[in-house]
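Assemble the whole structure, with the sequences as input and the hints as a guide.
There are 2 protein chains.
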Amino acid sequence: MRVKKELDRAKLVAAAMGQIPCDLSIENIRLVNVITGEIYPAAVDLLDGVIVRVRADGHAAEQPSAKIYDGKGRYLVPGCIDIHMHVESTMMTPENFGRAAIRCGTTSVFVDPHEIGNVLGIDGVKFMVDNAKASPVRQFNLAPSCLPSVPGAEGNGAVFGPAEIAALLETDGVYGIAEMMDFYNMIHNSEKMRGIADEGLKRDMLIQGHAPKLSGGAIAAYALAGPTDNHSIRTGWEVVENLHAGLYVDLQSSSLETSSMPKLLEGLKGMRYTDHVCLCNDDVHAKDLLETGHVNRLIKEVLQQGIDPMDAYRWATYNAARSARIEDLGAIAPGYLADLQLLDELDGRDPAAVFSEGRLVVENGELLDPPQNRPIPDTVLGSTVRVVGLDGPKSLRLAAPAGAGERVRVAVLDYDTPTARSDLFYEELPVKDGFVDIAGREDLCFVAVFNRHGAADHTVTVARNFYLKEGAMATTVSHDCHNLALCYKDPADGYLAAKTLIDCGGGFCTVHSGAVTGLLELPVAGLMSLLPLTELVPAIAKQEKATDEIFAKPGCMMKLALIALACTQNAVITDRGLFDGRTQKFYDQFPVEN
Amino acid sequence: MRVKKELDRAKLVAAAMGQIPCDLSIENIRLVNVITGEIYPAAVDLLDGVIVRVRADGHAAEQPSAKIYDGKGRYLVPGCIDIHMHVESTMMTPENFGRAAIRCGTTSVFVDPHEIGNVLGIDGVKFMVDNAKASPVRQFNLAPSCLPSVPGAEGNGAVFGPAEIAALLETDGVYGIAEMMDFYNMIHNSEKMRGIADEGLKRDMLIQGHAPKLSGGAIAAYALAGPTDNHSIRTGWEVVENLHAGLYVDLQSSSLETSSMPKLLEGLKGMRYTDHVCLCNDDVHAKDLLETGHVNRLIKEVLQQGIDPMDAYRWATYNAARSARIEDLGAIAPGYLADLQLLDELDGRDPAAVFSEGRLVVENGELLDPPQNRPIPDTVLGSTVRVVGLDGPKSLRLAAPAGAGERVRVAVLDYDTPTARSDLFYEELPVKDGFVDIAGREDLCFVAVFNRHGAADHTVTVARNFYLKEGAMATTVSHDCHNLALCYKDPADGYLAAKTLIDCGGGFCTVHSGAVTGLLELPVAGLMSLLPLTELVPAIAKQEKATDEIFAKPGCMMKLALIALACTQNAVITDRGLFDGRTQKFYDQFPVEN
Chain A
8 MRVKKELDRA KLVAAAMGQI PCDLSIENIR LVNVITGEIY PAAVDLLDGV IVRVRADGHA
68 AEQPSAKIYD GKGRYLVPGC IDIHMHVEST MMTPENFGRA AIRCGTTSVF VDPHEIGNVL
128 GIDGVKFMVD NAKASPVRQF NLAPSCLPSV PGAEGNGAVF GPAEIAALLE TDGVYGIAEM
188 MDFYNMIHNS EKMRGIADEG LKRDMLIQGH APKLSGGAIA AYALAGPTDN HSIRTGWEVV
248 ENLHAGLYVD LQSSSLETSS MPKLLEGLKG MRYTDHVCLC NDDVHAKDLL ETGHVNRLIK
308 EVLQQGIDPM DAYRWATYNA ARSARIEDLG AIAPGYLADL QLLDELDGRD PAAVFSEGRL
368 VVENGELLDP PQNRPIPDTV LGSTVRVVGL DGPKSLRLAA PAGAGERVRV AVLDYDTPTA
428 RSDLFYEELP VKDGFVDIAG REDLCFVAVF NRHGAADHTV TVARNFYLKE GAMATTVSHD
488 CHNLALCYKD PADGYLAAKT LIDCGGGFCT VHSGAVTGLL ELPVAGLMSL LPLTELVPAI
548 AKQEKATDEI FAKPGCMMKL ALIALACTQN AVITDRGLFD GRTQKFYDQF PVEN
Chain B
8 MRVKKELDRA KLVAAAMGQI PCDLSIENIR LVNVITGEIY PAAVDLLDGV IVRVRADGHA
68 AEQPSAKIYD GKGRYLVPGC IDIHMHVEST MMTPENFGRA AIRCGTTSVF VDPHEIGNVL
128 GIDGVKFMVD NAKASPVRQF NLAPSCLPSV PGAEGNGAVF GPAEIAALLE TDGVYGIAEM
188 MDFYNMIHNS EKMRGIADEG LKRDMLIQGH APKLSGGAIA AYALAGPTDN HSIRTGWEVV
248 ENLHAGLYVD LQSSSLETSS MPKLLEGLKG MRYTDHVCLC NDDVHAKDLL ETGHVNRLIK
308 EVLQQGIDPM DAYRWATYNA ARSARIEDLG AIAPGYLADL QLLDELDGRD PAAVFSEGRL
368 VVENGELLDP PQNRPIPDTV LGSTVRVVGL DGPKSLRLAA PAGAGERVRV AVLDYDTPTA
428 RSDLFYEELP VKDGFVDIAG REDLCFVAVF NRHGAADHTV TVARNFYLKE GAMATTVSHD
488 CHNLALCYKD PADGYLAAKT LIDCGGGFCT VHSGAVTGLL ELPVAGLMSL LPLTELVPAI
548 AKQEKATDEI FAKPGCMMKL ALIALACTQN AVITDRGLFD GRTQKFYDQF PVEN
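Just so you know, the protein sequences line up as chains A and B, in that order. Read in my numbering, the first sequence has 127 at position 120, and its numbers run on one by one without any break. Read in my numbering, the second sequence has 404 at position 397, and its numbers run on one by one without any break.
Be aware that one or more of the hints could be misleading.
One copy or any two copies: either way a pair holds, since identical chains are not told apart in the list.
Okay, derived cross-link-like pairs now, DSSO-like style, lysine-lysine, Cα gap no bigger than 30 Å in a straight line [what the hints assert, rightly or not]:
#1 Lys79 / Lys276
#2 Lys270 / Lys199
#3 Lys12 / Lys209
#4 Lys552 / Lys270
#5 Lys199 / Lys18
No lab work stands behind these hints, which were simulated from the structure alone.
Structure below.
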């Protein structure tokens, strides 16, 4: 498939034949040909956003182009492509994300709007598509395949089955199905997941995968089920297994964990060809985007491991386009879209200039003539934290079962276990006035999750080793359903944090001694800020500082965002109860023997 | 796109998970992974014609397959793909061609039914599609894009414009547009060629190219016009130019000329990647198919030039499928069609066994259970030589212009010029009874072309250095319009040869002293025999022998088939007159000064 279907090919042909002038020539460049793996001096002529011709060095155009850009001997490389990411993780809107990532040389990304999908369903995806129209980075939005991630475990804002996926696949700007996370049901032929994959297959559209730690028959089954790539790989042997299963492997390094790139690259040793290798960020935080880059950060990482720069740039350009089956992206040749970057060195640095569909959009790090911001509809902005289960601080207390005495055995989520997973234990705790009492216990606090999609469901329990010293924190960024998550010593502080977020439309809030000490507003679906990158990063830093003040350890801000993540091997708390990711069952909060 | 759209994926998934048995396991093999470039011991499980799983050596299947095939330690390689060929050039029907080529390890071919299209139009293409259903080699028929090849130069059986191409593209079994030969009009934006390409582009279908000797702006223009590959390349610099223009390069070695493979491969030197390189036969004669092979012959050729076997097999498998944008062909991995060959060595030899969609179809050179022959409709068989301009031997005499005296200056086609091209000269020849007389001139004979598609057009002229000693020859294989072509000393012999072909439905016929001395019947559209390869090759040899007896040089049988080929840089004779391929204009047969 081609991104640009409505080309005036007769005009392009006439330009190639020298009968009419082109819009722009980029001259004096070293062309990086990712199709053949050569680098040679050349000039490139562009018209209507498309590459018309690559001229050999010194060969003048028959008709001079309207504009000439001097490449100053730099490398001309296709713009980079991130084959899988979640824009919401940057906490920026698609347009603001695009303005940040384009400076790094990224010109296309494949987006799973899974987070906003969980909040706003089809409307959320449509918002991402619309808002990305003002992004200088082309954003291929895909239909989130697993809403909710773990059916039954938690309440979210939308449930997608085959019908909803079909509706999205018929929506302009939706290019396929996003990571089919529910790999268990994929390889066990659940009717729903089979039905979702079939919607993509029958339209011959891209279906992306997510399949950690599968091997042998299981990874074969996953490939047969429909997906054509996998970015959820952490080891070299998985790289081998996935490539042998015919899948594209999207080498990932995200802001969420230590990079496993060295291990991943081990898997490629002994392979003559790496056509099925791409690069992706998955989740990248604003600070990392500002400080370390985007796809070019991944290039730096693989170069550090000794990968040849030609391979690295090819993974990030041509291979990604082939993985997505897009024929006019990812190379510099006639008919390809003129998404280009000029680089002083092939080392992952930010480009000296970026062209998007033939238009100069970045020069010397400056964004030129960004498109006007898109209006953000009311349905998305400031109105999505619909909590009905929270009725004052008392809702945040943990009532002991009727008939409990002075002490009660109660479920405690421990966040510092030897396995590095959160786990659940039962512990006997005092009961005061009918409520579980944690006073005097430095290692304990309360955690709670409240449905924020209009249902009354909520859960309160005790957490151990969450390292909250005092006060409270709340957030509406709470993967994957993005309910309202809280931690607190004092229910009154917790309530203030929650109330503050409800009023402002979501974000992160810290409270201490009855006063708000920090507020990061994320009014777009409770997930994204309206700030551009350079303002957002200090705002996040400020909120991190406020967080650090109430925690015994640094860097706890995002920890709260993961306490409800049911699609892991952890014990978690959701709006519906305490859930075991391993057995996919709920725990009793108070054991039966009580 | 996938060849097999209606897979029962739930069943395949269950098989991969070991819940149900597969149809077949090929065990004890060295798997040639053309995606990664590795070779490793493995076993492969197949179900419903599809690869379900590649098992590591020694890893038993949970459920034993219904059948086990012992690979005896051989290499398991994907079946070969010819990315461009004309089945008619083999003089076999598609089903018989398939039965021959499958033994060579070819499992898919991309077919331009250009020859039968010129005779029977859409019906001809539909016949090729239907007849190929009985072929063990999968045949992707494409819509012939240039009927006639040179509009106005000659009369053929069908004229294709955008409407006819559109009709074919909507026909089951037609996969795209075949080589867009009219490169001149492509790069000069003729409305018709633009319209034809647009029919393919708007359906996002494969468009194949044919663009000899283009470079710079012209090859860029050709790529922009729509085609995505080019097989009509004879030099290393064209390989470079085409790859730099983003096209796939189909390295060709045909039966029609000395192989230019060594020169072509020179073009690949210095390229790190060869993803855009494929292999094709274009035109392969039955004898060559029998004696030297098919795609495997090309592999032998490139190996002789020092190409790595892994690259060679990859060009013939994975790269070809990618060029055609087919995702379930060309590799051995879950979900790919089980088109496979077992090889003792990776050296281009015939395979020990071939599997087509999981079915063992060749073993030790023997074709197993070939499908029943398809019925051949009357419209195609024995009824296509519709000559109305031939009224006895007198039609084959060359009348001098009214008022000519005893001698006349007349156009003479010379077939042995210093440029190796046929060219036209004027020569003064005697006139006897009002007709040009060549009696006593050993170097001269007559050549004639009669429309055989129901029009009365015909041309008779004198040929020099055609090396016909005596008698006559006629053929209905006459590129590209496949009119009736004749050479003769005596019009009576010429008439007998022509009449014999008209009566039998076409082929090649030699006559000497008033008697038929050889007849190769090609009753299918006057182009193809009903014989299988092993019977056809001796039949052709017999006809070649009969031909050699009346010519002064050996190997002249196919020479007559090319005297009307207007899309070359030659002087040619068509049913409409004497035509200059360089200027695209007709010559006067008798110069004005006469």
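Comparing the hints with the structure gives:
no.: 1; hint: Lys79 / Lys276; in the structure: between (36 Å within a copy, 28 Å between copies)
no.: 2; hint: Lys270 / Lys199; in the structure: neither (34 Å within a copy, 55 Å between copies)
no.: 3; hint: Lys12 / Lys209; in the structure: both (21 Å within a copy, 8 Å between copies)
no.: 4; hint: Lys552 / Lys270; in the structure: neither (33 Å within a copy, 67 Å between copies)
no.: 5; hint: Lys199 / Lys18; in the structure: between (47 Å within a copy, 16 Å between copies)
Going down the numbered hints, you'll see the structure goes against 2, 4, while the others check out.
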